[in-house]
Amino acid sequence: MAYRTFAAIDIGSYELAIKIFEISSKNGIKVIDHIMHRIELGTDSYYTGKISSERIDELCRRLSEFTNVMESYKVDDYKAYGTSAIRETKNSVILLDQLRTRTGIKIEVLSNSEQRFLDYKSVASKGQAFQDIIGKSTAFIDIGGGSIQLSLFDRESLVTTQNMRPGVLRMREELTSISHRSYQLEDLVEEMLCDRFESFMKMFVGDKKIQNVILIDDYVSRVLQKSAFKSDKKGYIEAKDFIALVDSLKARKSREIAEALKISEENIQLLHLSALMLKYMLNELDAQLLWVPGVSICDGMAYEYAEKNKLFSDTDKFVVHDFEQDILACARDINRRYSGIERRTNEREELSLAIFDHMKKQCGLSKRDRLLLQLAAILSECGRYISLSNVGMSAYNIIMATEIIGLSHLEREIVANIVKYITERFEYNEILGRVTTLDREAYLKIAKLTAILRLAEGIDISHKGKCDKIKLANKGENMVITVETNADMTLELGFFSRCGAFFEEVFNIKPVLKQKNSDL
Amino acid sequence: MKNKFFTRNICLRHNLQVHQEWGIKMGEIDYSRPEYYLNRELSWLAFNSRILGEARDKSIPLFERLKFLSITASNLDEFFMVRVASLKDLVNAGITKPDISGLTPLQQLDRVNAATHEFVGMQYSAYNKSLLPLLSQNGLMVVEYHEELTDKDCAFVDRYFQDYVYPVLTPMAVDSSRPFPLIRNKSLNLGALVSRKTKGSARKLLFHKKAAQGRELEFATVQVPSGIPRIVELPSAEDGTKRVMLLEQVIERNMDKLFLNYDIECVFPFRIMRNADFSLAEEDTEDLLKEMEKQLKKRQWGQAIRLEVEDGIDKRLLDIIKKELMIDERDIYNIPGPLDLTFLMKMYALPGFDALKTEQYVPQQVPELPSGVDIFEQIKKHDILLHHPYQTFTPVVDFIKQASRDPNVLAIKQTLYRVSGNSPIIAALAQAAENGKQVSVLVELKARFDEENNIVWAKMLEKAGCHVIYGLVGLKTHCKITLVVRREEEGIRRYVHLGTGNYNDATAKLYTDLGLLTCDEAIGEDATAVFNMLSGYSEPLGWNHLALAPLWLKEKFLYLINREKENAENKRPARIVAKMNSLCDPDIIKAFYEAAAAGVRIELIIRGICCLKTGVEGTNGNIEVRSIVGNFLEHARIFYFENGGSSELYMGSADMMPRNLERRVEILFPILNPELKEKVWHVLEVQLRDNLKAQFLRADGTYAKTDKELVTKENACCAQEEFCREYRAEATMLEKEQRQARVFKPEYKQE
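Top line first, the protein sequences correspond to chains H and F. For the first sequence, the working numbering gives the first residue as 1, with consecutive numbering after it. For the second sequence, the working numbering gives the first residue as 1, with consecutive numbering after it.
Since the hints were derived computationally from the structure, they do not count as laboratory data. Just so you know, not all the hints are guaranteed correct.
Below, simulated DSSO-like cross-link-like pairs (lysine-lysine); rule was C-alpha separation at most 30 Å, straight line [to be verified]: (1) K590(F) with K253(H); (2) K253(H) with K556(F); (3) K30(H) with K381(F); (4) K476(F) with K459(F); (5) K26(H) with K381(F); (6) K556(F) with K234(H); (7) K30(H) with K401(F); (8) K250(H) with K556(F); (9) K97(F) with K253(H); (10) K381(F) with K74(H); (11) K74(H) with K380(F); (12) K380(F) with K30(H); (13) K234(H) with K677(F); (14) K253(H) with K476(F); (15) K556(F) with K30(H); (16) K240(H) with K556(F); (17) K26(H) with K380(F); (18) K463(F) with K74(H); (19) K233(H) with K677(F); (20) K401(F) with K74(H); (21) K74(H) with K459(F).
Have a look at the derived ranges for each label pair, beta carbon to beta carbon [claimed, not checked]: (22) H382(F) with N309(H): 33 to 41 Å; (23) S254(H) with G227(F): 55 to 63 Å; (24) S86(F) with T101(H): 47 to 55 Å; (25) H382(F) with E54(H): 45 to 53 Å; (26) Q184(H) with E624(F): 51 to 59 Å; (27) N309(H) with K381(F): 33 to 41 Å; (28) L510(F) with N309(H): 51 to 59 Å; (29) N309(H) with K463(F): 39 to 47 Å; (30) A427(F) with E259(H): 39 to 47 Å.
All of these numbers come straight from a predicted model, not from anything done at the bench. A virtual CB, placed ideally from N, CA and C, is assigned to each residue, including glycine.
Hey, can you work out the whole structure from these sequences and the hints?
Next up, the structure:
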């Protein structure tokens, strides 16, 4: 049986973990080993902006041990991701270089949305169980050290995803600066959450009835995974039972809680906070069932690795979730929130993808770039919500300020720039001169995708949905776009050369628009 | 099995009825009261008395009796160095908190003292009155005092002294310029009163007290060297009787040669025991290995807690020793015979007396694991149970050896608590590391009295390239687990050995233990998590089958006992059979009482300490405790729970003692395979049938064997002998089968 061993390393805010997986088409993803070490990197980075040298030493020592672990399993490949603690370290570039030199492990830093996307993938790796639960309206709560990610599902599709501060570690640090008594803790937690959570409820939940909650965190999940609740299925708990459990802990000392829940005393504080946060959200959402899949970001990493390397065969009994659809659903949700006209964006999406698919062999763009183009098309209208005269810049600002699950910061910036340059003058080299994460490759990507989107815009400049069908064909140095329509195309034909100029400049192909009467 | 349980259930109902007739309401009795518990130290002394009982048992071959007497002596030494020492520490620290039986440390010390003095009296009574005469009758004469030697013997002894003994002796005299020397823990010494020779003082005055009157006496001493055999063989008597003398007598006779300028006033042997119980401030220790080496050196300087002197010792000599060692009167033991009876183990080994010993049992081959077989392939077929010493320990060694050579093996991980000298397991682990395997070994440096050995092993393994962990801060790693990770066609597979006894090929020939070889995926996952935890990583999200001390095991035991209690209350089959070395955890004992009161039949097979009492009110005779002391040291820990008819069997490394459940890393593992479960049950069932060696705990805390009148030819059972017979028969059968399989097949010309 062919299988691959893969190691996923997660450098989290308060824990360092490695999971070794065996991935095969026959058995899917199987965890071989799971090693965790508590190290509160977040305590340092959130408040001082740097990680202390003692903690770096400890981190290096443990990472070196992880290298041995990987060696002992002779892993075929590995991925090591740092999350918010590393992300929020001022000198993260120096730190990552140091870690690589001292341990040999290359660590990549995930943006919040990438991190949450992997968390999400880890839950999706549960296959049918995940599909079953999101079949009903479901909230997905991912409590991290720095922030909480809240996502809503309805009938198997992602409705929205929002990031909200503080996370559990950040909350603990903030609470330590306030003098309070233990009986006040629950109220304080609620007060710190309610401001943002109420907005979330108003904007995204409204009258919707949320039935299920999926939880990912590092403390409550562990306890609930271990405990035998009334439910027959491991990891499924009635929300009221969970709330009763949290209430039963109220008057107890940390030692008693540690004994009752069979966890070490050092984890009690964060567990308690995490539990109170969850209790508050469960109450607000009025959910009935809590599902704790007991997975971590490492499972998401393995899932992603298996996906990328096509390790799931067609005959897989495993349900493979379509994550691209989730990213697109998120973008559509943003578009709706900013009152974008869906009819227009749909048309632009369709036209631009038709051009992309025709051009893909010549322009060296990838499947992922296609997704970015699609996102840019969907979000191209959102700027109008702010200003009708300054659409491009407004859209840019909205996109840059909004998290889109599954996109890295760089990808988000690419999308924002594409949307901006549909209407704004392309800034050429100035783009790279700005304070930005964009590199040369990203710059070219922006140029190419902007050119495609501008061309698509040129085909339907009036946004009347005139095209019934388009055909693309290369003829010599021209790319002929034949639009089948009976509508009056005077405006489009008139402005097309202006819209196609940038395309010609980027691809060195002259786009030519032709109309063909649909009746013919 | 089921039928037996059914009949037990009838008894159970009857017990419940009795319960009600007596008008005892459940939950009324507070079982944590001290009168329901036996003192741990006194219970241990009772255990040593049971071993002494074997030494006194006339039905046992003479040389086996010597062995048992020797064991009682070495046991008592250890008991003093650790248990009595810690009681003294408590008394010195002014601690008065009573133990579970309600005795303060001082009260315990008083009772232990009285009991030990009585015990020593019984040891020497057995030695002098029973064993010595019998040895003499059977051709081995022990010449007790050098004064009894013939001239010919004297010449031999003096020559022996001159050639072998004298060169290694270091005589030491004490005077104003030479302080009292360090008397090493457990060493045998000769103490003497000497006076400087004056002109004309004649050698003939030796040993005459009066002659020394008026002269200043000094203390002199010489250690009886441990490197020279304690038993000196003298020329045989004319009738062929073998004659031996103890080394201290040889030296005593030649004492004047050690102190040439002195007259020897008197010479007497003495021996001290020091407090060997030390604690490490582990949290503050950067290098545990170095700290341990330092502490071990200090052990020789621990406070003297027991002084043994030959009966009739000169009072002046005793006073000097007493004063210098700062020892209490009650800690002095006047011994009516040779000090330190552990030499009897050497006497057991003297050649030529096989007829006076039990025939040596040869551990039998494990049917599934004949020599040369691929162990991994065999384990893959099904789990394998090993029962030592009835079955050979070789497969465990081979498991590591094969893993060390197997190109598919990625990693080997093992815990080591006590290993033999020249251990083949250590060699295999080192070899594996040299072969490029990832080898992680936890060597428990704090294994009492094996600390020095383990330091040597740890260093050696490290040198070979193994990743060595010296143990965990504040905990002793006592569990016995090996994990072999192998990359196979179907994926990574984990092979696990879990045992009740140490990875010690030498003691595996003497200790009865059980081991399990499995590649069960869930157990493999748990084993991986165990080693991750031992490497300092966080605990896993959950365990599949294993229960670990100190975090979960006690709770698991309490849960299992309580489940039986609930079953009994609900009139479902409920029974517990537990075999272990010691039982003294108060919470567990209380749970046993409560379960018994609810009607659970509890049968305990406890070799050593048992703080639980039988016949406690409300328990309705539902608890039976038996102790088996035999040729092999009972060591396995097996726990059976009837669980309402769906029985569960567990084995593990832990006794039900606070130290095991709260201060050690221990593993309890279930036996899941029905066939193996049946085999393990058989082990318990035979021990429950034992009516020859088993001794039963009575309500007064004493033990008694089955009434001889109740033992018939038909029902007589010695568990250890029965197992020997069974495994021999199995091996014979196997051999027969193998022989049959080896019949040549002639080929005939085809027509």
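These are the hints, each one checked on the structure:
Our distance criterion of 30 Å between C-alpha atoms is met by K590(F) and K253(H), whose separation comes to about 26 Å. Between K253(H) and K556(F) the alpha-carbon distance is near 23 Å, which keeps this suggested pair within the 30 Å criterion. A distance of roughly 22 Å separates the Cα atoms of K30(H) and K381(F); the hinted pair therefore holds under the 30 Å criterion. In summary, the hint linking K476(F) to K459(F) is supported, as the alpha carbons are separated by about 19 Å, within the 30 Å threshold.
At roughly 21 Å between alpha-carbon atoms, K26(H) and K381(F) fall within 30 Å of each other, so this suggested pair holds. This hinted pair checks out: K556(F) and K234(H) have alpha carbons roughly 19 Å apart, not beyond 30 Å. The suggested pairing of K30(H) with K401(F) holds, with an alpha-carbon distance near 29 Å, which does not exceed 30 Å. Taking the CA atoms of K250(H) and K556(F), the gap is near 26 Å; set against the 30 Å cutoff, the hint holds.
A hinted pair counts as satisfied when its Cα atoms are at most 30 Å apart, and K97(F) with K253(H) qualifies at roughly 26 Å. A C-alpha spacing of about 26 Å is found between K381(F) and K74(H), which places the hinted pair at or below 30 Å, so the restraint holds. Our distance criterion of 30 Å between C-alpha atoms is met by K74(H) and K380(F), whose separation comes to about 22 Å. A distance of roughly 19 Å separates the Cα atoms of K380(F) and K30(H); the hinted pair therefore holds under the 30 Å criterion.
Our distance criterion of 30 Å between C-alpha atoms is met by K234(H) and K677(F), whose separation comes to about 28 Å. Distance hint between K253(H) and K476(F) is fulfilled; the C-alpha atoms sit about 28 Å from each other, no more than 30 Å. Among the hinted pairs, K556(F) with K30(H) is consistent with the structure: their alpha-carbon atoms are about 28 Å apart, no more than 30 Å. For the hint pairing K240(H) with K556(F), the CA-to-CA distance comes to about 28 Å; that is within 30 Å, so the pair holds.
As the CA atoms of K26(H) and K380(F) are separated by approximately 20 Å, the hinted pair is consistent with the 30 Å bound. For the proposed pair K463(F) and K74(H), the alpha carbon gap of about 23 Å is at most 30 Å, so the pair holds. As the CA atoms of K233(H) and K677(F) are separated by approximately 28 Å, the hinted pair is consistent with the 30 Å bound. For a cut-off of 30 Å, the pair hint linking K401(F) to K74(H) stands: about 21 Å separates their Cα positions.
Note on K74(H) and K459(F): the hinted pairing holds, with a Cα-Cα distance of about 27 Å set against a maximum of 30 Å. Take H382(F) and N309(H): their Cβ atoms lie about 36 Å apart, and the range 33 to 41 Å holds. A hinted range of 55 to 63 Å for the beta carbons of S254(H) and G227(F) is consistent with their spacing of about 56 Å. Between S86(F) and T101(H) the C-beta distance comes to about 51 Å, which sits within the given range of 47 to 55 Å.
Between H382(F) and E54(H) the Cβ separation comes to about 50 Å, which falls inside the hinted range of 45 to 53 Å. Between Q184(H) and E624(F) the Cβ separation comes to about 56 Å, which falls inside the hinted range of 51 to 59 Å. About 34 Å separates the C-beta atoms of N309(H) and K381(F), a value consistent with the hinted range of 33 to 41 Å. The supplied range of 51 to 59 Å is met by L510(F) and N309(H), whose beta-carbon atoms lie about 55 Å from each other.
With their beta carbons about 41 Å apart, N309(H) and K463(F) fall inside the hinted range of 39 to 47 Å. A hinted range of 39 to 47 Å holds for the C-beta pair A427(F) and E259(H), which are about 43 Å apart.
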